[in-house]
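If you read the sequences in order, they're chains A and B.
Sequence positions in the first sequence follow the working numbering and run 1 to 688.
Sequence positions in the second sequence follow the working numbering and run 689 to 797.
Simulated from the structure, these hints should not be mistaken for lab results.
One or more hints might be untrue.
To be verified - Selected chain A positions facing chain B (Cβ under 8 Å, derived; list incomplete): (1) SER633; (2) SER666; (3) VAL667; (4) LEU671; (5) VAL672; (6) VAL675.
A virtual CB, placed ideally from N, CA and C, is assigned to each residue, including glycine.
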Amino acid sequence: MGLDTLILLSLIVLFLPLAGFAVLVFFGKRLPRQGDWLATGLVTVSLLLSLVILFARLTSPESVTAGWTWAQFGGIPGIGEVTVELGILIDNLSAIMLVVVALISTLVHFFSMGYLEGDVRYSRYFAYLGFFTFSMIGIVLTHNLLMMYIFWELVGLSSYLLIGHWYEKKSASNAAMKAFIVNRIGDAGMFIGIMIIFVHFATFSFDAIFSAVAAGNLPFESQAWLTAAGVLIFCGAIGKSAQFPLHVWLPDAMEGPTPVSALIHAATMVAAGVFLVARMFPLFTADALLVIAYVGAATALLAATIAITQYDIKKVLAWSTISQLGYMILALGVGAYAAGFMHLVTHAAFKAGLFLGSGAVIYAMHAALHKQHDHDTDAQDIRNMGGLRSRMPVTYWTFLIFTLAISGIPLTSGFLSKDEILAGTLAFSTLNGHWLLPLIAFGVAGMTAFYMFRLLILTFHGKPADSKRLSMIREVPGVMAIPLIILAALSTFIFYSFNPLGASSGWLFQALARPASVVPEAFAPATWPVFYEAISRVHTPVMILSIIIAVAGVAFAWLVYERRSVSADKMAGVMGPLYRGSRNKWYFDEMYEAVFVNGTLALTRISNWFDFNVIDGIVNGAGTVTRGVSKISGWIDNVFIDGLVNFLANITGSIGMRMRKIQTGSVQNYLVFGVFGFLIITIVLLSI
Amino acid sequence: MVLPEWLAEPGLNHFLVVSAVLFSLGLLAVISRRNIILVLMGIELILNAANLNFVAFSRYGSLSLDGHMIALFVIIIAAAEAAVALAIALNIYNRFGSVDVELISELKE
Numbered sequence: 001m002g003l004d005t006l007i008l009l010s011l012i013v014l015f016l017p018l019a020g021f022a023v024l025v026f027f028g029k030r031l032p033r034q035g036d037w038l039a040t041g042l043v044t045v046s047l048l049l050s051l052v053i054l055f056a057r058l059t060s061p062e063s064v065t066a067g068w069t070w071a072q073f074g075g076i077p078g079i080g081e082v083t084v085e086l087g088i089l090i091d092n093l094s095a096i097m098l099v100v101v102a103l104i105s106t107l108v109h110f111f112s113m114g115y116l117e118g119d120v121r122y123s124r125y126f127a128y129l130g131f132f133t134f135s136m137i138g139i140v141l142t143h144n145l146l147m148m149y150i151f152w153e154l155v156g157l158s159s160y161l162l163i164g165h166w167y168e169k170k171s172a173s174n175a176a177m178k179a180f181i182v183n184r185i186g187d188a189g190m191f192i193g194i195m196i197i198f199v200h201f202a203t204f205s206f207d208a209i210f211s212a213v214a215a216g217n218l219p220f221e222s223q224a225w226l227t228a229a230g231v232l233i234f235c236g237a238i239g240k241s242a243q244f245p246l247h248v249w250l251p252d253a254m255e256g257p258t259p260v261s262a263l264i265h266a267a268t269m270v271a272a273g274v275f276l277v278a279r280m281f282p283l284f285t286a287d288a289l290l291v292i293a294y295v296g297a298a299t300a301l302l303a304a305t306i307a308i309t310q311y312d313i314k315k316v317l318a319w320s321t322i323s324q325l326g327y328m329i330l331a332l333g334v335g336a337y338a339a340g341f342m343h344l345v346t347h348a349a350f351k352a353g354l355f356l357g358s359g360a361v362i363y364a365m366h367a368a369l370h371k372q373h374d375h376d377t378d379a380q381d382i383r384n385m386g387g388l389r390s391r392m393p394v395t396y397w398t399f400l401i402f403t404l405a406i407s408g409i410p411l412t413s414g415f416l417s418k419d420e421i422l423a424g425t426l427a428f429s430t431l432n433g434h435w436l437l438p439l440i441a442f443g444v445a446g447m448t449a450f451y452m453f454r455l456l457i458l459t460f461h462g463k464p465a466d467s468k469r470l471s472m473i474r475e476v477p478g479v480m481a482i483p484l485i486i487l488a489a490l491s492t493f494i495f496y497s498f499n500p501l502g503a504s505s506g507w508l509f510q511a512l513a514r515p516a517s518v519v520p521e522a523f524a525p526a527t528w529p530v531f532y533e534a535i536s537r538v539h540t541p542v543m544i545l546s547i548i549i550a551v552a553g554v555a556f557a558w559l560v561y562e563r564r565s566v567s568a569d570k571m572a573g574v575m576g577p578l579y580r581g582s583r584n585k586w587y588f589d590e591m592y593e594a595v596f597v598n599g600t601l602a603l604t605r606i607s608n609w610f611d612f613n614v615i616d617g618i619v620n621g622a623g624t625v626t627r628g629v630s631k632i633s634g635w636i637d638n639v640f641i642d643g644l645v646n647f648l649a650n651i652t653g654s655i656g657m658r659m660r661k662i663q664t665g666s667v668q669n670y671l672v673f674g675v676f677g678f679l680i681i682t683i684v685l686l687s688i
Numbered sequence: 689m690v691l692p693e694w695l696a697e698p699g700l701n702h703f704l705v706v707s708a709v710l711f712s713l714g715l716l717a718v719i720s721r722r723n724i725i726l727v728l729m730g731i732e733l734i735l736n737a738a739n740l741n742f743v744a745f746s747r748y749g750s751l752s753l754d755g756h757m758i759a760l761f762v763i764i765i766a767a768a769e770a771a772v773a774l775a776i777a778l779n780i781y782n783r784f785g786s787v788d789v790e791l792i793s794e795l796k797e
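Next up, chain A with everything else stripped away, as it sits in the complex:
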């Protein structure tokens, strides 16, 4: 296949969802079935074309780039000419990510047909899904930072629109705004990072930046600036991928429809941050990568501890998403590039599946509660569920597979990627001595297994909270069940590597060879051969340890929630402050409320006071002074100026009164005056 064809195909993949958006937004309500078939069909075509691109990509060795000049500026002092390009870059990274995005988007489209049936803004919802898919594919395909930033913001916008889909609910519109604003904070950092690079290199294109840095041309001739640029660009990822400390928006974003959570807040948009880090990987210095690794580790630990105590089925999944994203970021930070990105791919499948599964549960719960005429019971609270296994077999078995995958049990996709990440962190610590990172990684692996099985057992096993309600629970229709089955199949090892115990021989791992760092050697992270050797040394013990930890987590959850041999309440009592902290998400929302929201309010109050007293005082003072001056000037006006004018007028008037007496009105009189006047003048002149 020619390279031009590949570019053309990728453009079609990019613009098909946008076309669907444009049609649905204007004519959606008039189409049969409100146009869901159109949006779904277009995305399915996109999926097929992206599969074609992936196969073409994997069979040819080099990556494809195409650029078009967008704008040209000449005569800039010190730089000369600057060209801003639009462009497409297709390498293994973008081809794989393209398939992930298109696949999850397609399945979510199908699932949404069932989940949102009869919704008030059904066609609008599908239009926004298409718009999101377009923006996300834009991020994946672009070959420069500027376009990436533009699509980055478009993704933020569509996320805002979809979280706020049910904007009549105050909590949903608030959550949408929170997501948007928190993301802005990260994006501001990213923009500064991009500008540091642009100011120095006068280009946005990845290739040009990398080759300039590789040639020893550092921003402002300093390694510190390069690190700063890397960390600032990573700020964008902190926002989008909900990393500590900007993780607070993601759990609230669960106010959106559940398929949206599956697509945006589990599989694709939040993975955009990971994709960004992977894309910019060659540019990061060792220092920047260390920051990234620690942020990822902190996020993974924090979110896992919170997920353990949550009761809302979607909130548990949201915190687990944050935790898994922390894993990916951690993996990229330590240099386990392929492992981190592979976890993105496998996580996209099983986490989208978990969310769609939770959507199925919520859908069934809603239907049952509706039949019971019960409008107060929370359909998302796992304490109101229990025993659903018997009524929803398809959902249960797929959910079980996803849970096994995320817990890292062998034979699943999650085991492959998680194992590689754990090996990578441990290898990193053997090289650099950062032993905290593998410690956290292993701890979080155990916690993940525990809280995911807690969720599974409380939802599907055990005694039902209300047996009458349980009898009304129905399995979801086929249009919702089939995406679950497909994702469950994709959560097994076979699609990623034929060896169930090692990913490194699989095609995905091979395709994601880590790009060489372009940073000068002194500041660069350990090279791939060195790192790989370290991984090989620790790989086998790590694998055994990770299996033991995962199984231990599962067993503990089973003991606590299935057998009830250990009381969860008693454990919570023993943990005390730890339990309360976890239950309240370590008070981050309260902290931000106290520091930033109230801080902003206090600042506005101070500036209000300043405005009211100082600025208004100055204005009022100026007004008073002006009034005084104008009073004096008015008095001068009245007395002197008017006096002069009146004086002149009076003089003129009195002269006029005297002069009017000779104006008789008789022409003959005037003539007499004229003649005699003339005579007098003549005589006078003659006598001189």
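Starting from the structure of chain A, add chain B where the hints point.
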């Protein structure tokens, strides 16, 4: 009959004297007559005094034929002026019902 010397040969002075007399009579008429028609006739006299001067200077002075030409123009303009003035007089009569200039003192206001 032998004429006195100042009469024997008519010169410039004679014409000027006649012209001055004519002018004075015209002016007198303009100033003192109350009937507007007679005022107009006074104006005609003044004009004719001027004409006489032109012609006299043309004969005795250095104006040569220019004086005649100007005199002819004055006669033409006088005719036009008479026409306009008579129209004004007629309008005044229509408006005030009189041709007495003493009564017309609208300019006073």
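How the hints compare with the structure:
1. SER633: violated, 42 Å
2. SER666: holds, 6 Å
3. VAL667: holds, 6 Å
4. LEU671: holds, 6 Å
5. VAL672: holds, 5 Å
6. VAL675: holds, 6 Å
Hint check: a violation occurs at hint 1 only; the rest are consistent with the structure.
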